[in-house]
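Peer 1: Listed here are the chains, written in short residue letters.
Number of protein chains: 2
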Amino acid sequence: MISESKKKKISESTIRRLSLYYRVLSILEKENYETVSSKELAKREKLTPAQVRKDLSFFGSFGTRGLGYPVSELKKQIAEILGLNRGWNVALIGVGNIGSALVGYKEFQRQGFNIKLIFDNDQRKIGSNHKGIIVSDIRNLESDLKENNIQIVVVAVPATVAQYIVDDVVKAGIKGILNFASVNLKVPDDVFLRNENMSMELEYLSFALSNLKDVKGES
Amino acid sequence: MISESKKKKISESTIRRLSLYYRVLSILEKENYETVSSKELAKREKLTPAQVRKDLSFFGSFGTRGLGYPVSELKKQIAEILGLNRGWNVALIGVGNIGSALVGYKEFQRQGFNIKLIFDNDQRKIGSNHKGIIVSDIRNLESDLKENNIQIVVVAVPATVAQYIVDDVVKAGIKGILNFASVNLKVPDDVFLRNENMSMELEYLSFALSNLKDVKGES
Numbered sequence: 001m002i003s004e005s006k007k008k009k010i011s012e013s014t015i016r017r018l019s020l021y022y023r024v025l026s027i028l029e030k031e032n033y034e035t036v037s038s039k040e041l042a043k044r045e046k047l048t049p050a051q052v053r054k055d056l057s058f059f060g061s062f063g064t065r066g067l068g069y070p071v072s073e074l075k076k077q078i079a080e081i082l083g084l085n086r087g088w089n090v091a092l093i094g095v096g097n098i099g100s101a102l103v104g105y106k107e108f109q110r111q112g113f114n115i116k117l118i119f120d121n122d123q124r125k126i127g128s129n130h131k132g133i134i135v136s137d138i139r140n141l142e143s144d145l146k147e148n149n150i151q152i153v154v155v156a157v158p159a160t161v162a163q164y165i166v167d168d169v170v171k172a173g174i175k176g177i178l179n180f181a182s183v184n185l186k187v188p189d190d191v192f193l194r195n196e197n198m199s200m201e202l203e204y205l206s207f208a209l210s211n212l213k214d215v216k217g218e219s
Numbered sequence: 001m002i003s004e005s006k007k008k009k010i011s012e013s014t015i016r017r018l019s020l021y022y023r024v025l026s027i028l029e030k031e032n033y034e035t036v037s038s039k040e041l042a043k044r045e046k047l048t049p050a051q052v053r054k055d056l057s058f059f060g061s062f063g064t065r066g067l068g069y070p071v072s073e074l075k076k077q078i079a080e081i082l083g084l085n086r087g088w089n090v091a092l093i094g095v096g097n098i099g100s101a102l103v104g105y106k107e108f109q110r111q112g113f114n115i116k117l118i119f120d121n122d123q124r125k126i127g128s129n130h131k132g133i134i135v136s137d138i139r140n141l142e143s144d145l146k147e148n149n150i151q152i153v154v155v156a157v158p159a160t161v162a163q164y165i166v167d168d169v170v171k172a173g174i175k176g177i178l179n180f181a182s183v184n185l186k187v188p189d190d191v192f193l194r195n196e197n198m199s200m201e202l203e204y205l206s207f208a209l210s211n212l213k214d215v216k217g218e219s
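The listed protein sequences correspond, in order, to chains V and C. Heads up, the first sequence is in my numbering, so the first residue is 1 and it goes up one at a time. Heads up, the second sequence is in my numbering, so the first residue is 1 and it goes up one at a time.
Next up, chain V with everything else stripped away, as it sits in the complex:
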């Protein structure tokens, strides 16, 4: 168990790496690995073994020298610190291309992000069934979010209307919002807002292919 005060000091980039470890550990668990070394974890995520050991030292000294970390136990510990073990009620707003992809994304459910409600303003979509969920009218947003005890809202609407939607989401008392629109949204200080940038990894590839090609060739 990690103390509350220790958790508050974890940096954003550490959280990001914990997400990466969690992803690798989930895959290793599926492949029936029982243990994993810091070297192997580092290699799979292009980090240094020292960085991995430092990150995982948060969880006390339960890695064994020569044997490595127990896969399932480490995964459980990371799930606990990331809050994935508790399960979250999620609502999705906007069921266009991206919204539809998110409803079908099985990883979300595996990690405890349960999409309970879907909203749209398009009369042709309202009432339709997406993976067992009936699309609700955006006009009932505030009351529906409250009544269904939604904790996290995913916003996948056009940039032009994203701020209006988010204002209503905030009014409903939601403290966690994930935004896919390419626009900077304003939320009160007590609301956590994250922007999903689908281009970021492609931009890294663009940088790498432009500048690092010969670096790689050397290795």
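These are computed hints drawn from the structure, not numbers from a lab. Here the structure is a predicted model, which is why all the values come from computation and not from measurement. One thing to keep in mind: the hints can contain errors.
Note: identical chains are not told apart, hence a pair may lie in one copy or across any two.
To be verified - 27 Å max Cα-Cα, derived DSSO-like pairs, lysine-lysine:
| id | residue 1 | residue 2 |
| --- | --- | --- |
| 1 | LYS76 | LYS54 |
| 2 | LYS30 | LYS186 |
| 3 | LYS9 | LYS213 |
| 4 | LYS125 | LYS76 |
| 5 | LYS116 | LYS213 |
| 6 | LYS6 | LYS146 |
| 7 | LYS213 | LYS146 |
| 8 | LYS76 | LYS9 |
| 9 | LYS125 | LYS146 |
| 10 | LYS7 | LYS46 |
| 11 | LYS125 | LYS171 |
| 12 | LYS146 | LYS186 |
| 13 | LYS213 | LYS39 |
| 14 | LYS76 | LYS213 |
Let chain V serve as the given structure and place chain C on it in line with the hints.
Peer 2: Frame of chain V, contents of chain C only:
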């Protein structure tokens, strides 16, 4: 202009922040801002002004004290370093939920990622039209990638077949691959492989709502 040797030393986390700045600058440009301060850039991405100034010092001293950075010029400089100004020929493999969303994602094209080819193995999808692109048969993958001078391949196929597909992509001489499947793929040392983790931002929200709620409340 930045020297080649300097570019090679830029860390992955700096590239990630350059992507964030690029995103904010694109939005500011759309909103007709002419200049932006390091403080404003920092606020919009939850970084410190010192970090922003340090990152942007790569570009020489063209920010003006009191006035800030010229939005369009800085955006252009970051595009240059990220290689976004040259335009990339991209192929997409797998046109399920995620693949379909990617084809419709306008940001890609704006940033010079031009989807030229789409592949699938489903006879019902082959020959169909997605945003003006006819879906090709995966059986012709290697020759089609070569003939169309594709530089980056996006893999949005089930985890169980992703490695086979990626092996063929590598055989075709592709050096940049973005993978959406939840599986660790092996590629030769001279190929850049990135894994898109759609859950990462939700995991951050989960962590924040679990551990940082009272920290935010204090601010």
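Peer 1: Next step is simple, just say for each hint if it's right about the structure.
Peer 2: The hints, checked one at a time:
1. LYS76 x LYS54: within (18 Å within a copy, 37 Å between copies)
2. LYS30 x LYS186: between (40 Å within a copy, 17 Å between copies)
3. LYS9 x LYS213: For LYS9 and LYS213, the Cα distance is within 27 Å only across copies (13 Å; inside one copy 37 Å).
4. LYS125 x LYS76: For LYS125 and LYS76, neither the intra-copy (39 Å) nor the inter-copy (40 Å) Cα distance is at most 27 Å.
5. LYS116 x LYS213: Answer is between: at 23 Å across copies they meet the 27 Å cutoff, but 45 Å inside does not.
6. LYS6 x LYS146: Neither way: LYS6 and LYS146 sit 32 Å apart in one copy and 52 Å across, limit 27 Å.
7. LYS213 x LYS146: Between. Shortest inter-copy distance 19 Å satisfies the 27 Å Cα cut-off; intra-copy 52 Å does not.
8. LYS76 x LYS9: within (20 Å within a copy, 36 Å between copies)
9. LYS125 x LYS146: within (22 Å within a copy, 41 Å between copies)
10. LYS7 x LYS46: Classified as both; 25 Å inside a copy, 19 Å across copies.
11. LYS125 x LYS171: within (24 Å within a copy, 43 Å between copies)
12. LYS146 x LYS186: within (21 Å within a copy, 45 Å between copies)
13. LYS213 x LYS39: within (25 Å within a copy, 34 Å between copies)
14. LYS76 x LYS213: between (38 Å within a copy, 22 Å between copies)
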